[in-house]
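A.B. asks: What follows is each chain in one-letter form.
4 protein chains.
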Amino acid sequence: MTEMANEILLLTTGGTIDKLYFDALSEYRIGDSVVGRLLATARVAQPFRVVELMRKDSLELTDEDRAAIVQAVREAPNARIVITHGTDTMADTARAIGGIGAAENKTVVLVGALAPARFAESDAPFNLGMAVAAVQTAAPGVWIAMNGTIFPGDKVRKNRAANTFEAA
Amino acid sequence: MTEMANEILLLTTGGTIDKLYFDALSEYRIGDSVVGRLLATARVAQPFRVVELMRKDSLELTDEDRAAIVQAVREAPNARIVITHGTDTMADTARAIGGIGAAENKTVVLVGALAPARFAESDAPFNLGMAVAAVQTAAPGVWIAMNGTIFPGDKVRKNRAANTFEAA
Amino acid sequence: MTEMANEILLLTTGGTIDKLYFDALSEYRIGDSVVGRLLATARVAQPFRVVELMRKDSLELTDEDRAAIVQAVREAPNARIVITHGTDTMADTARAIGGIGAAENKTVVLVGALAPARFAESDAPFNLGMAVAAVQTAAPGVWIAMNGTIFPGDKVRKNRAANTFEAA
Amino acid sequence: MTEMANEILLLTTGGTIDKLYFDALSEYRIGDSVVGRLLATARVAQPFRVVELMRKDSLELTDEDRAAIVQAVREAPNARIVITHGTDTMADTARAIGGIGAAENKTVVLVGALAPARFAESDAPFNLGMAVAAVQTAAPGVWIAMNGTIFPGDKVRKNRAANTFEAA
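Protein chains in written order, with full-length UniProt numbering: chain U, 1 to 168; chain C, 1 to 168; chain H, 1 to 168; chain L, 1 to 168.
FYI, nobody ran anything at the bench for these hints, they're computed from the structure.
Note that CB positions come from ideal geometry on N, CA and C, so glycine has one too.
A short, non-exhaustive set of chain U residues, derived as facing chain C with CB atoms under 10 Å:
#, residue
1, Leu38
2, Ala42
3, Gln46
4, Leu114
5, Ala115
6, Ala120
7, Ala124
8, Pro125
9, Phe126
10, Met130
11, Ala134
12, Thr137
13, Ala138
14, Trp143
15, Met146
16, Thr149
Result set (DSBU-like, lysine-lysine): computed pairs, CA atoms no more than 35 Å apart in a straight line:
#, chain 1, residue 1, chain 2, residue 2
17, U, Lys56, H, Lys56
18, L, Lys56, C, Lys56
19, L, Lys155, L, Lys56
Whole structure, please, built from the sequences with the hints as guidance.
C.D. replies: In structure tokens:
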């Protein structure tokens, strides 16, 4: 495997995982991505690169945004790609990336969090660990890593009432 | 896949991941396993079961202890087994489990932490996430999930000076 | 000092300190008060009692709400009262309690947080520690404990642009 | 009050509050002081200065060490002094500082932690908040801030069996 193919590319697009809290405004906003800090805390020794594509709630992603994510996946020289993403439309983006993964021999894993990584109790570090593992061990294709499960990207949906991902 | 085979079995054996701190004695001790709490925080929706085998530093594991771990792996009806383990002799235990994994069509992932899970900054949740993902996606056999990497269990060692796992 | 007077009464009214995050709605809400958990983590050996008065952003407090807080302070048999409160109108409530503190020989300390206590990095535990200390050591009257400072309750304002409390 | 007298001086001497964990050695050691980080997280707006005097378990403090702490208190131009200290002999150091506080019109507060500040669940931020408040509001003299209580420095002891401070 070439060095580029071995490197893990992490594309950040926003979502709950990167939410900050602003008291003056009494609201949440998406801040700098926590991905780099989470990988440092986990003492990741793999070569990796973090690229910020956008910083949006996934409900606010436009068709152009989604096309930009698909393009970034297609053009990346990497065979291992992790995408951090808001959870509400994560499954839509997984379907948009669709056949690229398998066709180009790339393993693409989408991942997010149900609670901001900046919370003391968050699923973010566990979920990112799942994504980093799956991108090394899962077959080429598109996957979603949430709720302790590696779902095929075309067979998963978010159950908003239960706030959990489930097979679809 | 039968329900039992689908369930993830988590065997805990001790190690840094479960270290507590006692001020009165100015020393650490291995406490109740944090595995259940980490899985709850990660909102794991997979069926799983946690079984405590022992509560030891991995340098203190005897031949009998290691034999008990191997036996637990062999006798478990589960096809997906995660073992939390101290890091110093994790590779030894991986070798002891050896061919059982592939022979019995089981995926076994050993995992631990370089900093106690009770620390604010610990690799424990990320590592456990890696293990839970790898046990679902990696081929039958024995694996070690540390430092952001899924290592084949017979081709890894801990570099104690660097306090990191590396291919061997 | 009688036992009742010695006991610390903690009145909770809401505010950022108790903010939760809900992904499905992409919004925050005020949850169960974290005060009890913070006192347990701090291993507080003082007798104390926690009473929830309301659960509101301080910008949403009505005149009736503020009157209820003043009444609770007046009627409490305790000489040591801590009030957790949103920061935006904390100084208003301090002025409303006004002379009660000194007149009735009660030390009242208002405290809140600029980041939710559920965040890994929050001023909440430090601030609550300040309040619990000031309620034991400050003279009867009304005080605000924020930004590392014990302010007299009638000589402090929140600088919203700087998101910090300052002498006024 | 002059600016120097207003500034809070924080002297660090070691103890559990600053304990790190080293996996390679399977032991705890005292690391860089966490005091600066705790004050930053608490958004302390008071002027303060942190000076490291030593980095020891309090059971290892020699007579010379304790004399150096007393001297630092005596010679400091500050009227507000916080000392972070291991808990086992904190009361001894408080007695050694003894009458200096009241005689020189200085308020001195000793504080530590029963769990390392680097733990997710630690009494360290709450305790440091207590100390920073007490140093502003307590009368000149020597105080100990532990277990939610501001104790007079000559009337407190650590109950090692219960791992808690109590009036003596």
